[in-house]
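Guided by the hints, dock chain Y onto chain U, whose structure is given.
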Amino acid sequence: MSSFLKGIKKPFLVTIALLLICGVVYPLLLTGISQIILPKQANGSMIIINGQSVGSELVGQDFSDARFMKGRPSAVNYNTYTQKDKESGDYTGVGSGSKNYAPTNPDLVKRVEADIAEFLKANTSVKKQDIPTDLLTASGSGLDPHISPAAASVQIPALVKTTGLSKETLEGIVEANTEDKFLGFFGEETVNVLMVNLDIAKKLGLLK
Amino acid sequence: MLQVLIFLAVFIAVIFPMGKYLYHIALGQRTFADPVFDRMDNVIYRICGIDRKEMNWKQYAIAMLATNAIMVFVGYLILRIQSLPILNPNGIGSMESSLSFNTIISFITNTNLQHYSGESGLSYMSQMLVIIFMMFTSAATGFSVAIAAIRGFAGKTKTMGNFYADLVRITTRVLLPLSFMIGLVLVSQGVVQNLSPNTTVQTIEGKFQDIAMGPIAALESIKHLGTNGGGFLGANSTTPFENPNILTNMIEMLSMMILPGACVVMFGLMVRSRKKETERGIEKKRVLFGSEAKPIFAVMLIIFVVGIAVCFGAEQAGNPALEKAGLSQSMGNMEGKEMRFGIAQSSLFTTVTTAFTTGSINNMHDTLTPLGGIVPLMNMMLNLVFGGKGVGLMNMILYVILTVFICGLMVGRTPEYLAKKIEGKEMKLTALGIIIHPLLILAFSALALAVPAGLAGITNSGHHGLTQVVYEYASSAANNGSGFEGLADNTYFWNITTGLVMFFGRYLSIIISLAIASSLMLKQPVSESIGTLRTNTRTFTISLLMVIIIIAALTFFPALVLGPIAEHMNLWS
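Those protein sequences? They're chains U and Y, same order as listed.
Heads up: the first sequence at position 190 corresponds to 190 in the working numbering, and the numbers run straight through without jumps.
One rule links them: number in the working numbering = place in the second sequence (from 1) + 208.
If you're looking for bench data, these hints aren't it; they were derived computationally from the structure.
Bear in mind that the values here come from a model prediction, so they are computed numbers and not experimental data.
The beta carbon of each residue, even a glycine, is placed where N, CA and C say it ideally should be.
Among the clues, some could well be false.
Keeping only pairs whose Cα atoms sit at most 27 Å apart, straight-line, the calculated DSSO-like set for lysine-lysine is [claimed, not checked]:
1) 532/Y - 127/U
2) 261/Y - 6/U
3) 266/Y - 532/Y
4) 532/Y - 9/U
5) 10/U - 415/Y
6) 121/U - 532/Y
7) 121/U - 415/Y
8) 161/U - 628/Y
9) 261/Y - 532/Y
10) 261/Y - 228/Y
11) 9/U - 266/Y
12) 366/Y - 10/U
13) 261/Y - 40/U
14) 127/U - 161/U
15) 266/Y - 10/U
16) 532/Y - 110/U
Beta-carbon label-pair distances, calculated as ranges [to be verified]:
17) 396/Y - 92/U: 25 to 35 Å
18) 176/U - 704/Y: 52 to 62 Å
19) 37/U - 664/Y: 44 to 54 Å
Here chain U stands alone, though its shape is the one from the complex (with noise of 0.2 Å):
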């Protein structure tokens, strides 16, 4: 038994000291110089309106209102909920991910002819050919804040109708909103819509 004991305690020691320094010293280290150097990005890249956070820029959230641009669908519906949805048991808690459809999955052809439906509905002026496919198909996380700047355009006919902007107002918010390529070439051109949407709210004076 001794002997035994012995063994074990090399590992033992090597153990609780790897313990202390990979699983205590170094991530209470990086919170606290991250906190200390960068808090704006340690703490989400919130963004703040009137003194309350309205979301993060990094995150996407659901929009119904017809006023609102939209962004792609989310099977986690971007944790965004009513507190109905929320007494009700529709909203579960914070998550991720997508449902996982294969490309030969019927489920997922049901939900995007559902979805060209809807939109079709929504934006009369397009023609079903033009919708790109960002827009209807479900990002990883189901927290994508972005579209492509295709998927922003294709909305602009319908949010003049609905908020009463200008065609051009519209579309300076988006450019305001899309972000270029990594040096030029690496990754894609990207429209944020929380930001669109914060813009066109002032705008409308929403944002008090």
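Just chain Y now, kept in the frame of chain U:
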């Protein structure tokens, strides 16, 4: 494709200095950072009573197993009591026992298969004390073993080194400083790092939104550096808080590639016979690559690049089923992908994460097109395209030995590798090492398809369902950890079977590698003669590639035909 090529160029540029640094660490040579680290290591050695005595392969393996066993015990305990109000601002409950078993095996084996969802399954205490801790130690363990085995292959000593000293040195001198720097860069780009509870905001429409918080950046950097792959959040590196933009996407890919890539460079430097090269007059001041590492690196790179091309092509082609439904597919198959990454960076990430056996994802692999999904599946089935922390290199060396043997038989030369004769004992171990991987994947897939508990997990019907099952076990056996996440896998059956596959996939191959290395180490070196089959030539590179393709085709072709290939035929018919 330009962005992919430039990215690969950066990868190749960074692994050489890193490989050189690792080489110095492995041999205990002086490096620029010694004054700091020597002091730190000596404190740890003194507290833990590490004497740095040289070990033979059995002692090394036992030390490794004992340390891992204690880590498992401690980690399991923490998961079971995580509901305590320590670093648990979101009030997460304790983890159920079969899920805890699966999780702990998953993280100790560097697999990081996750049958839980981070937001609702783990408290911050568990994320730090179990997940982050094991991400460091499992990576360092794999790396230590690889270094020990390479010491054996190099044959310059008669012992394999000291496991505890290797473990500590790699953690303090490689993983911790790199993780810290990369973590800080990730925070600057928007990756969250705090200990606050999840926040709820009121949106401009008057609805509410919950936003997950936590020490994400600390986990994110070691997750990739250690080729671990388990996400803080359920959807892993697809989520904006784990991977906010294209820069972080590339940093995360590079961090998973740098150490396995550098490992090959280190191997080349360690087994290089200085004397021989001096005689030939090719001694240079700075040697980038040992010549023995060249064929290995070339084969890995070829399979890797072909994988990227196939995956990119398949995803760009889009989904004909949606085309039929009227949704234009000119942008490619965007279901399950993030807009900021698009097709190119998503297919690149998919290939990288499975080749380097990390298993983090920036798009949902279950939603990949059938041929796009074959690439990650093949990478895991081969498990030698760079691979995780040295483990992929060890698998590749098994194939090198096999190739030496087969080529030796064909041309009637004595099978030798690195100036050591390959004999019956090594060949038996090599065959065992090669066969275990497909055996685990295929036998357990067959089991899952034969029992109702296994079939219950399948969520996509038809051929894709088979792929879901095979993918899950391939990911477990290769210690990758990505998944066709549609699989409903948090059940007793899936938790226990994948736990077993991960365990055997990891430890059997490690022990076999050590045994072969030790057996070769103890042999008398033979001097190179006209009858020696040279293993650093172009011919040998091609033979190695062919042997790998033939073995892979023989073992996995039927499963691939019934799964993704049949699905592809259906989809495009």
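Results for each hint:
no. : hint                      : in the structure
1   : 532/Y - 127/U             : holds (15 Å)
2   : 261/Y - 6/U               : holds (16 Å)
3   : 266/Y - 532/Y             : violated (61 Å)
4   : 532/Y - 9/U               : violated (65 Å)
5   : 10/U - 415/Y              : violated (55 Å)
6   : 121/U - 532/Y             : holds (20 Å)
7   : 121/U - 415/Y             : holds (24 Å)
8   : 161/U - 628/Y             : violated (80 Å)
9   : 261/Y - 532/Y             : violated (68 Å)
10  : 261/Y - 228/Y             : holds (25 Å)
11  : 9/U - 266/Y               : holds (18 Å)
12  : 366/Y - 10/U              : holds (24 Å)
13  : 261/Y - 40/U              : violated (49 Å)
14  : 127/U - 161/U             : holds (17 Å)
15  : 266/Y - 10/U              : holds (17 Å)
16  : 532/Y - 110/U             : holds (12 Å)
17  : 396/Y - 92/U: 25 to 35 Å  : holds (33 Å)
18  : 176/U - 704/Y: 52 to 62 Å : holds (54 Å)
19  : 37/U - 664/Y: 44 to 54 Å  : holds (50 Å)
Comparing the model with each earlier hint shows violations of hints 3, 4, 5, 8, 9 and 13; every other hint is respected.
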